[in-house]
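Asker: What follows is the residue order along each chain.
Protein chains: 4
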Amino acid sequence: MIIILQSDAKVADRDSLIADLKSRGYGVHLSEGVERTIIGVIGTPERDKDNLVEHFEAFPFVERVVPILKPYKLVGKPFKPAGTVINVGNVQIGGGTVCIMAGPCTVESPEMLFETARFVKAAGAHVLRGGAFKPSTSPYSFHGLGETGLKLLAEAREETGLPIITEVMDTRDVELVGKYTDIFQIGTRNMANFSLLREVGTQRKPVMLKRGWASTIEEWLQAAEYIASQGNYEIILCERGIRTFENYTRNTFDINAIAAVRELSHLPIFADPSHATGRRSLVTAVSMGAVATGADGVIVEVHPSPETAVKDGPQSLTFQQFEQLLEAIKPVVEAVGRTIAPNA
Amino acid sequence: MIIILQSDAKVADRDSLIADLKSRGYGVHLSEGVERTIIGVIGTPERDKDNLVEHFEAFPFVERVVPILKPYKLVGKPFKPAGTVINVGNVQIGGGTVCIMAGPCTVESPEMLFETARFVKAAGAHVLRGGAFKPSTSPYSFHGLGETGLKLLAEAREETGLPIITEVMDTRDVELVGKYTDIFQIGTRNMANFSLLREVGTQRKPVMLKRGWASTIEEWLQAAEYIASQGNYEIILCERGIRTFENYTRNTFDINAIAAVRELSHLPIFADPSHATGRRSLVTAVSMGAVATGADGVIVEVHPSPETAVKDGPQSLTFQQFEQLLEAIKPVVEAVGRTIAPNA
Amino acid sequence: MIIILQSDAKVADRDSLIADLKSRGYGVHLSEGVERTIIGVIGTPERDKDNLVEHFEAFPFVERVVPILKPYKLVGKPFKPAGTVINVGNVQIGGGTVCIMAGPCTVESPEMLFETARFVKAAGAHVLRGGAFKPSTSPYSFHGLGETGLKLLAEAREETGLPIITEVMDTRDVELVGKYTDIFQIGTRNMANFSLLREVGTQRKPVMLKRGWASTIEEWLQAAEYIASQGNYEIILCERGIRTFENYTRNTFDINAIAAVRELSHLPIFADPSHATGRRSLVTAVSMGAVATGADGVIVEVHPSPETAVKDGPQSLTFQQFEQLLEAIKPVVEAVGRTIAPNA
Amino acid sequence: MIIILQSDAKVADRDSLIADLKSRGYGVHLSEGVERTIIGVIGTPERDKDNLVEHFEAFPFVERVVPILKPYKLVGKPFKPAGTVINVGNVQIGGGTVCIMAGPCTVESPEMLFETARFVKAAGAHVLRGGAFKPSTSPYSFHGLGETGLKLLAEAREETGLPIITEVMDTRDVELVGKYTDIFQIGTRNMANFSLLREVGTQRKPVMLKRGWASTIEEWLQAAEYIASQGNYEIILCERGIRTFENYTRNTFDINAIAAVRELSHLPIFADPSHATGRRSLVTAVSMGAVATGADGVIVEVHPSPETAVKDGPQSLTFQQFEQLLEAIKPVVEAVGRTIAPNA
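Chains as they are written, first to last, in my numbering: chain A, 1 to 344; chain F, 1 to 344; chain G, 1 to 344; chain D, 1 to 344.
Misleading hints may appear alongside valid ones.
Identical copies carry no separate label here, and so any pair may be met within one copy or between two of them.
Straight-line Cα separation of at most 25 angstroms, SDA-like style, residue types lysine to any residue; simulated pairs [stated by the list, open to error]:
#1 Lys179 to Thr148
#2 Lys330 to Phe319
#3 Lys77 to Ala328
#4 Lys70 to His29
#5 Lys205 to Ser138
#6 Lys10 to Lys73
#7 Lys10 to Ser31
#8 Lys330 to Gly96
#9 Lys80 to Met112
#10 Lys10 to Ile42
#11 Lys330 to Gly146
Keep in mind the hints are simulated off the structure, nothing from the lab.
So here's chain A without its partners, still in its complex pose:
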């Protein structure tokens, strides 16, 4: 941590700050420049870090505090340079494979779910997605089938052999959802729901952590750190688009983040081109880009007849389009030296 004093800071100010640092057990490296005094703090204990930055910025004669260390540790690349590989049943996430998760936005009925599950299995998907608890901007919209939806997902898993992923939104539902799902999904709106992060952190099942639509990469990794700090290291990051001024697409897919996460973290990184674009016609092209840039997998919305979907119809692929997507990304997967594993 480096503390930069204001140009008119007095010697007494400086000394009081140094005394404060020493009383906390830190070493001090003083640099008196022509225009500014700069204090290097030596030996910052990891867990105090965040508060110290604010603490010293609160001094009236301090201009700025520059943190040096990254604000996360367990999910940082140096913690596990070889990269995390997660196994869910026979499915490998991370490592040299590209994993395909697909299914409807929402579990609407047994028929549509089973039809979709069978189809995506036959087409080559590795994991079945589907929402039983759904966030919805309007209080009057459909909020999912709840436990009934979870049971249907479990039945679909029985039939197809595909592991399932589904969202949990409420700390009170973690146990219930955990009875059925193979992978917890934390949605974009809950990336900074710290109670929920801690709760899934105490579970022993993998968690897909979607990026908050207005969260920086660093905040996202800190959210992952919450989960890891509770002992659950099986975290899959998922870039799903951020909110910007652009309005042709529903969100802006931050493909830089795919490459950045690969250099900052050891966790697998997925892309969700359905939410990142909001437009079915762009999903395949953006999936190809995500895989070429280094994504470990994609999660896409597929629906037997998107125009009857309860939610996310405009961005859901038809069965035929999903087959085309798989066909289109295969050569890209190979071009980057990866493989799509068989799903049986």
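Put chains F, G and D on the given structure of chain A with help from the hints.
Answerer: Chains F, G and D in isolation, oriented as in the chain A frame:
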């Protein structure tokens, strides 16, 4: 709702869409232009609204769906044109008064809380703020004293007579927090935590709903609609800055939103200049602007010695600065024809 | 400037960097921490500054370079702590007054211009605004009357005595516009048109520099520095809203920037609530906020019949609304201890 | 165009609006709903479009105007569905090839330019990039060698046979730059410099139009329409990242825009991963993503020793890294069924 077909939509497409609408009980108003066919939908039932937009956007031959009605109702201006006034003890929120809420970011200890409570009371504040459960980007930071903090807040209320406001972050804590607080606060990170919104909606105490840092005004009003839809109409909106590319300030205070909410909704609207700027030196000037534009109150962070604050020190006012703020806004309050009520 | 090396930087790397610094004439302050080596650079010559940051960030073993000094000087507060006051004819800009600039977006015809000029003069405006060269997103829209418009503005000045402000968009037009106008306006799209900034910097007439809609406050002040660096110190900054995800308003008025500029710079700072909101119904409330926060003036669009305006009709005030705005801000101006000078 | 009236609009309002429309020669399609009156406008002449939207939004009883047609025509996909292919010497831009443009940010000296030109030619680049006129946020930074730089670029072309691309920033320089360059580059800061767009529109050389860092895809296509409207149809679009809240990278590369432009326009679309990331370590991965998503080429910064670069060192590739980039994208280019043409 208006449905605009793509330029190459076929007659059969159009007819299938019209049949779909009619089967749902809507009237149809067809307009065949030179370049586009446009279908006006007549009689949309309020509660279906959201899903219908997505439903029809999912048709491959539909270019765009334009909703006509606002996606909220209970919190909209026409529902209560005179405006909502909320009474908490002797304190009036909304109407012609400007209400001052002040206190520390976090309840750190009995001493600092009582000292602050006494001071802000003496200076003229109407409500005491203070966090017992604190969201924190880092899992290693301080997360608040929990119930101990709530008890201290209640004691401070006993002593000063000031009603209290404190944040609730977890559905499981709503009952506990409700035992102590006078006003629930929903923080920016939980604006779209729909489970939590519904839970406080079932309570019979006022709720301050902070705007999500990346939420539009319309989404914010829909979040308020969640609370209202459960029967709790005592909602105070609070603009606390949105996330933009600007980085000199912690957030960008969207003062347009103050004026916009006043024309769109009947709910009282507050400003939080502490979080909106992140810089103590800007808090008073921005408070003055907020009040001049029409805010019904401000909520600010005050700390006996900001440089020792556990959190938000850089944006916390000293006691002296808080007095100056009150002095500075008084003439502005009068200039806009409002009053600051005495706080005893 | 502080240079932070990567955790795996080698001693030889460090030494090569230090040698580079010394060869450029800088002193070096070395701080070897437990986790990082940090190099403080002493004596950075002002004019090299920008390039040095990039220069050292380009070293593969450098993690980050932290500049210490502000990247502008002539427009910074310390350069002229008392604040700049600009006189245009009898009109004072800056100091204790609040100055009102008003007029149509575009000079459409002699009739509408003269009618508007007479009205805003009678109502109390100090400066007449009007566009002769208009930026327009579509190539097929109206682009202004050009020199004819300038002549009409000059005639309106003759008749009313109001100084005029008009936009210049092309380096080739600076001389022509300068023949007529009293104040040059640089529009938001040209804030980073450095050729144009330099060109108006060589003129001896005041320049209003609107903030780029996606420019930080620091970049804006650097743009002002361009003008000042050519010898023209009579610069008026104008916040006109920035581009964000919010779409109820045309832009997001960054009122923090009003307060921030007042602490960072000695230049007068104006607000343009017409562009900042894009909605006539919000213009007065936001003007009041801007003045309360410390704006030295406002510039608003007024039109005899906004619904026939060639451009910016939705945000133009009617004559009656402009009178109401003036009435509404007067008590706010007084509340902050300023005055609106008589305009004759 | 559809005009939605406010819920309290009167019949007389409606009729005055219809009369206005009819007087302008439009047909009217009236739809009286339960809650709103909606007026469909039939036969909007293309060139009036923009102004009509604002015109009708300015009516006090109009809630919203919804334009139906796209605000560009010449650059829209339907105008040339087969796609534009541009030939510059032997180099083909667009069609089934992927074109590589490379070179230093700035022409610094003959030696570094020729060394880089020879290298990128040998490595397989098709076009040499290099700046002679440089935009720079600070007035005190290096602004390029001007005509000397242009001459050096022309010499490098002589020696290597590579066509050149260089930026023009000032309308007064278009003729001069045109004497030397093969392709004009319009930088991000000038995307909405309409005078400059018109000026290069009158030239008969291709123009690369970079996207404004805060411009929507639609505004970008309208900027291209400016150029096309002057008769120059040889336009190359280039996505170079947009400004968002994310700060780990210099900009956010909007890869959705690559896919979107391919469905909206017939113009070739390039990616600039150097500016889009600002980090050398991410350039190759993002280039791979851009090509997989459908980019017709990439333009990257290469420098013999980035740590001595006058500008953009942190994002410039070394020679070795540029070779690695070409190696890495080749299989991706093939995976999407394209080719990288030989450059001799």
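Asker: Are the hints correct? Go through all of them and say.
Answerer: How the hints compare with the structure:
Proximity of Lys179 to Thr148 under the C-alpha cut-off of 25 angstroms is restricted to the intra-copy arrangement: shortest distance 13 angstroms within a copy versus 34 angstroms between copies. For a Cα distance limit of 25 angstroms, the shortest separation of Lys330 from Phe319 inside one copy, 17 angstroms, qualifies, whereas the shortest one across copies, 31 angstroms, does not. Taking the closest pair of Cα atoms, Lys77 and Ala328 come within 25 angstroms of each other only across two copies (23 angstroms); inside a single copy the shortest separation is 31 angstroms, beyond that limit. Both within a single protomer and between protomers do Lys70 and His29 lie at most 25 angstroms apart by alpha-carbon distance, with minima of 20 angstroms and 23 angstroms respectively.
For the identical chains of this complex, Lys205 and Ser138 are inter-copy neighbours only, at 22 angstroms across copies versus 31 angstroms inside a copy, given an alpha-carbon limit of 25 angstroms. Proximity of Lys10 to Lys73 under the C-alpha cut-off of 25 angstroms is restricted to the inter-copy arrangement: shortest distance 23 angstroms between copies versus 36 angstroms within a copy. For the identical chains of this complex, Lys10 and Ser31 are neighbours both inside a copy (14 angstroms) and across copies (23 angstroms), given an alpha-carbon limit of 25 angstroms. For the identical chains of this complex, Lys330 and Gly96 are neighbours both inside a copy (14 angstroms) and across copies (20 angstroms), given an alpha-carbon limit of 25 angstroms.
Taking the closest pair of Cα atoms, Lys80 and Met112 never come within 25 angstroms of each other, the shortest separation being 41 angstroms inside a single copy and 40 angstroms across copies. Both within a single protomer and between protomers do Lys10 and Ile42 lie at most 25 angstroms apart by alpha-carbon distance, with minima of 22 angstroms and 20 angstroms respectively. Taking the shortest alpha-carbon separations for Lys330 and Gly146, neither the intra-copy value of 35 angstroms nor the inter-copy value of 48 angstroms comes in at or below 25 angstroms.
When each numbered hint is compared with the structure, violations occur for hints 9 and 11.
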